[in-house]
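In terms of full-length UniProt numbering, the sequence shown has 4 at position 4, counting the first letter as 1, and numbering is strictly consecutive.
Check the hints yourself; a few may be wrong.
As the list claims (entries may be wrong) - Simulated restraints on C-beta separations:
1. His46 x Thr4: 30 to 40 Å
2. Gly2 x His46: 33 to 43 Å
3. Leu32 x Val8: 31 to 41 Å
4. Val28 x Ala3: 36 to 46 Å
5. Arg29 x Gly2: 42 to 52 Å
6. Arg47 x Gly2: 28 to 38 Å
7. Ile44 x His7: 15 to 25 Å
8. Thr4 x His34: 43 to 53 Å
The set of hints was computed from the structure by calculation and includes no laboratory data. Cβ coordinates follow ideal geometry from the N, Cα and C atoms, glycine included.
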Amino acid sequence: MGATSIHVQAVKPGSEIHNFREKELDYVRPELSHLNESWVGDSISHRLE
Numbered sequence: 001m002g003a004t005s006i007h008v009q010a011v012k013p014g015s016e017i018h019n020f021r022e023k024e025l026d027y028v029r030p031e032l033s034h035l036n037e038s039w040v041g042d043s044i045s046h047r048l049e
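Whole structure, please, built from the sequences with the hints as guidance.
Dropping the structure here:
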């Protein structure tokens, strides 16, 4: 059986910006975007303060 390892990296505050999907994407249908639901909790950058 081969050796396994876990690689853990610290969270980068800027990485959650990707999740807001502010960049216009060619596969997103803007006429349906208003129907999307979202929930935002406490931000990573706020927790690191």
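Can you list which hints this structure breaks, lowest number first?
-> Violated hints: none; all satisfied.
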